[in-house]
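Chemist: In order, the protein sequence lines correspond to chains S and U. Residue 39 in our numbering sits at position 39 of the first sequence; the count goes up by one each step and never skips. Residue 179 in our numbering sits at position 179 of the second sequence; the count goes up by one each step and never skips.
Treat the hints as calculated values from the structure; they're not laboratory data. Because the structure is a prediction, the values reported are computed rather than measured. Heads up, the beta-carbon is just placed ideally off N, CA and C, and yes, glycines get one too. Take the hints with a grain of salt, since some may be wrong.
[What the hints assert, rightly or not] Chain S is nowhere near these chain U residues, computed Cβ spacing over 12 Å in every case: (1) Glu28; (2) Pro84; (3) Thr94; (4) Ser136; (5) Ala148; (6) Glu179; (7) His202; (8) Arg213.
[Stated by the list, open to error] Straight-line Cα separation of at most 16 Å, EDC-like style, residue types lysine to aspartate or glutamate; simulated pairs: (9) Lys159(S) with Asp109(U); (10) Lys113(U) with Asp152(U); (11) Lys176(U) with Glu119(U); (12) Lys157(S) with Glu96(U); (13) Lys131(U) with Glu116(U); (14) Lys154(U) with Glu5(U); (15) Lys176(U) with Glu116(U); (16) Lys154(U) with Glu179(U); (17) Lys159(S) with Glu96(U).
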Amino acid sequence: MAQLILYGLIYGGIISLGAIGLTLIARILRFSHFAHGDMMALGAYLALLFRVTFGLPMWVSAVCSVALTAAAAVAIDRIFYKPLRRTSPAILLIASVGVALVLRHLIQLFWGAAPQVYQRGVERSLVFWGLRIRPVQVWILVMAVVIVVAVWLFLQKTKLGKAMRAMADNMDLAAVSGIDTERMVIWTWVLGAALAAAAGIMLGLDTQLRPAMGWLMLLPLFAAAILGGLGNPYGAIAGGMVIALAQELSTLVFNTAYKPAVSFVLMVLLLLLRPQGLFGGKA
Amino acid sequence: MALLEVSGLRAGYAEVDILHGVQLAVQEGEIVCVVGPNGAGKSTLMKTIFGLVPVRDGRIVFQGEDITGLGPAQIVRRGMCYVPQSHNVFPSLTVEENLEMGAFIRTGDFRDKMEEMFELFPILKERRRQKAGTMSGGQQQMVAMARALMLDPKLLLLDEPTAGLSPKFAELVLEKVVEINQRGVSVLMIEQNARAGLAISHRGYVLTMGRNRIDDTGQALLENEEVGRLFLGG
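Using the sequences and the accompanying hints, generate a full structural model.
Modeler: Quick look at the structure:
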């Protein structure tokens, strides 16, 4: 049980990081970004490029990948999404499904469909108080906590972070206050994609890299974002934790294969019972 | 020279013109109130002046500079701030953060200005860490006005500041408008309670069907029989 909670926290950190971007984009740009999972995968594979192909240390590879993924997201926004922004959110949503497909197949084209890993070989698990954890998982957990705290501080303490929350709250009022909304949109993509890349790399470190890894994460990401009240970044973090813990703990009762169904069921229940999110965010 | 001078303003949405050539001026130090029935184009007038609705014809001159066609971001930098009628606070941000967002384009320290706002609206100081969305309508209106004042505007646009407020709060908000004006900010406002609005205004405009109907001093409009019959319910 405690072991499952530990795994849940690791997985929850990964989901939370992805969901923060998703929730901010949903509120600020008013569409569900279906390519977010594949941006995670892009981040993971770009890190693979630097790590394996160029032989750079893992942390350097991760930083390079995060920066490149953020740049890619801004470019995708300028090329695909921005011209469509004046149309309806449904069109943007469909465009993002298209972007998702393109990203996934580009990844498959360059890196192949076979699963890959950053580092070969088996790591010996560490044992603390009877809990088994691999050294790489310790890293993931530490990094997830550090990044979540950093994001929290950014949103809470910096002018840019506050303006991002203000945009998510009331876009028109932000514009009326003289906030350059177009610039804030770019920063939202930078933050969202950087966090997605970090989450993708962590996922790749924890398991392995597959072209569909991001696509498969989409359901828990959306479940977490909705659970936290769409548009609320703090809610997304909490939502990610709840979803991950529920998925891990469900294996006590159900077969592991049903894990993804747990987030789906939670999402549907929530939409039926508390569409404003668990934490009383405004609809 | 007038602080704000609007002439021959035509604007609207999609195929329809809402404003058909509106004239309006605000002199430095004035409170000017626009009254008129629903659908007269009062809100559209405000939004057009502030660059939220495109100008189709006419001119808007602010502090001697032609600002026709500029967007809100540029107009704010020239010293005009706007308080929308509804959704005029950032609900999940604290009172303090709301004011900070009002000062977003200010560089440097704005602590003094925030203290000044807390002095003008003491209730906000008490509740500085409360989320604006959890406050009452009247308190939110004060947050909204304080947010708009953070940039030290020359002219403040208020779109129905007392809409939906209890009579007690409505009176308080209008008292604050007078106080803001006394601190040197000119005010252009729309007021659905025409009588109360005109009573605190130096001058007023009656707008019907997107056209000027009568322009006069606030007091004269209050005493005007036609205005009385049409809008003041007496």
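Chemist: Hints first: check each against the structure and report whether it holds.
Modeler: Hint check results:
1. Glu28: Fine: 22 Å to the nearest Cβ keeps Glu28(U) off the interface.
2. Pro84: Non-interface label on Pro84(U) violated, nearest chain S Cβ at 7 Å vs cutoff 12 Å.
3. Thr94: Violated: least Cβ distance 10 Å, not greater than 12 Å.
4. Ser136: 16 Å, holds
5. Ala148: 8 Å, violated
6. Glu179: 22 Å, holds
7. His202: Per Cβ check, His202(U) is outside 12 Å of chain S; nearest 25 Å; holds.
8. Arg213: Arg213(U) clear of chain S: closest Cβ-Cβ about 28 Å, beyond 12 Å.
9. Lys159(S) with Asp109(U): 12 Å, holds
10. Lys113(U) with Asp152(U): 8 Å, holds
11. Lys176(U) with Glu119(U): Distance of about 12 Å is within 16 Å: holds.
12. Lys157(S) with Glu96(U): At roughly 12 Å apart (the allowed maximum being 16 Å), Glu96(U) and Lys157(S) satisfy the hint.
13. Lys131(U) with Glu116(U): Between Lys131(U) and Glu116(U) the Cα gap is close to 20 Å, so the pair fails against 16 Å, i.e. violated.
14. Lys154(U) with Glu5(U): With a Cα-Cα distance of about 14 Å, the restraint between Lys154(U) and Glu5(U) holds, given a limit of 16 Å.
15. Lys176(U) with Glu116(U): Between Lys176(U) and Glu116(U) the Cα gap is close to 13 Å, so the pair holds against 16 Å.
16. Lys154(U) with Glu179(U): Between Lys154(U) and Glu179(U) the Cα gap is close to 14 Å, so the pair holds against 16 Å.
17. Lys159(S) with Glu96(U): This hinted pair holds, its Cα atoms lying about 12 Å apart.
Hint violations for this structure: numbers 2, 3, 5, 13, all remaining hints satisfied.
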